[in-house]
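Going by the working numbering, the first residue of the sequence shown is number 854, and it counts up by one from there.
Calculated directly from the structure, the hints in this document are not laboratory data.
Be aware that one or more of the hints could be misleading.
Restraint-style ranges between C-beta atoms, simulated for each label pair [claimed, not checked]:
(1) Lys1108 - Ser968: 44 to 50 Å
(2) Gln1117 - Thr975: 51 to 57 Å
(3) Thr1082 - Lys1108: 21 to 27 Å
(4) Ser1042 - Glu1124: 38 to 44 Å
(5) Ser977 - Glu1124: 15 to 21 Å
(6) Trp1127 - Ala1062: 25 to 31 Å
(7) Ser1133 - Lys1109: 30 to 36 Å
(8) Glu1120 - His870: 26 to 32 Å
(9) Val978 - Lys1108: 24 to 30 Å
None of the values given here were measured: they were computed from a predicted structure.
Beta carbons are placed, not taken as given, at the ideal position from N, Cα and C, and that holds for glycine.
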Amino acid sequence: MARSDVSLKQYMFEIRHEISQQKKSEMFPDGLLFAWIHKDLTEAVLRLGGLVNNLFRANATIAVASALGHYDASVDHVASALTITNFSGLGVDDFAGGSILAVDSDVFYSAQIVSNTATVVTISVGTDLPAISTGPVILTANNANVSLVLTSLSMINYSEPIWQVLDSNDDPIEQISLEMARNITNDPSYDDEVYWYQVGQSLYFAIGADASLSGNTTVGYYVLPTEATALTDEIDFPIEWHDLPQQRTMIRVLKKMGQYQKAQEKEVDLEKRWQEIERSNIQAIDIDRKTGERM
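All chains should be modelled from the sequences, with the hints used to inform the complete structure.
As structure tokens, then:
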């Protein structure tokens, strides 16, 4: 259900008027204007913060697979080589980032796995393992590489669309930067921690050496406003804030018509409007990350 009773035709009145005044209608087919309007509505959802985001928040429950393990009794490794061969039936890169364990003369050896095919495992340092000839090894998957594909969600797909992640006990999982996630297994202070980060349309988990994650994970995300594709469709955005995305679309129109001075003036006015909103703090409706209730 749309979040206002204003039709796309009504919403576009000022924009269309500006275009017709300049006799530039041929430059702005409906498809282009509709796409700009949807993009600007989506960006406004995120920037307005809690004031409207509570209307566009949703949760999805996605299962996280448990970490994998594999035993193979007859693999080969040439001393110092980066590859171990003669595996069978491995899923491609199922063990990337995990470990390979071997025993030689009652001494345990381990090495970090960089990648794997169905039959070959590549490790980061060849000298971490001794020479192996038809010997047994154990593979363990580091579930720091566990990821959830989010393409099935009607989710805003840019500018931090995820607002919370909960584990199977409904406890919050904290966000971490991609740079920090890459080093989490090398820092003992993170051994018991679990974090999440996003790359494209996938959610990844960075998991410390002594931590684990499995079961149902709840992902809280920002829902895309329903796109208006016909003039009779209603605008899926609160009417009291229509001027914000409207002016952003108008700026696009002015720039395309070459009216850069007028577009710049409107950009200054629009930014002042945003700053007024942020200063007044009217978007700061705190929502408990775990319960979703207002605090």
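Hints, one by one, checked against the model:
1. Lys1108 - Ser968: 44 to 50 Å: Between Lys1108 and Ser968, where Cβ atoms are some 46 Å apart, the hint holds.
2. Gln1117 - Thr975: 51 to 57 Å: Hint holds: Cβ distance 54 Å, inside 51 to 57 Å.
3. Thr1082 - Lys1108: 21 to 27 Å: Holds, since Thr1082 and Lys1108 (Cβ atoms, about 24 Å apart) stay within the stated range.
4. Ser1042 - Glu1124: 38 to 44 Å: holds (41 Å)
5. Ser977 - Glu1124: 15 to 21 Å: Cβ of Ser977 to Cβ of Glu1124: about 48 Å, so the range 15 to 21 Å is violated.
6. Trp1127 - Ala1062: 25 to 31 Å: violated (44 Å)
7. Ser1133 - Lys1109: 30 to 36 Å: holds (33 Å)
8. Glu1120 - His870: 26 to 32 Å: Given about 20 Å between the Cβ atoms, the range is violated.
9. Val978 - Lys1108: 24 to 30 Å: About 54 Å separates the Cβ atoms of Val978 and Lys1108, which means 24 to 30 Å is violated.
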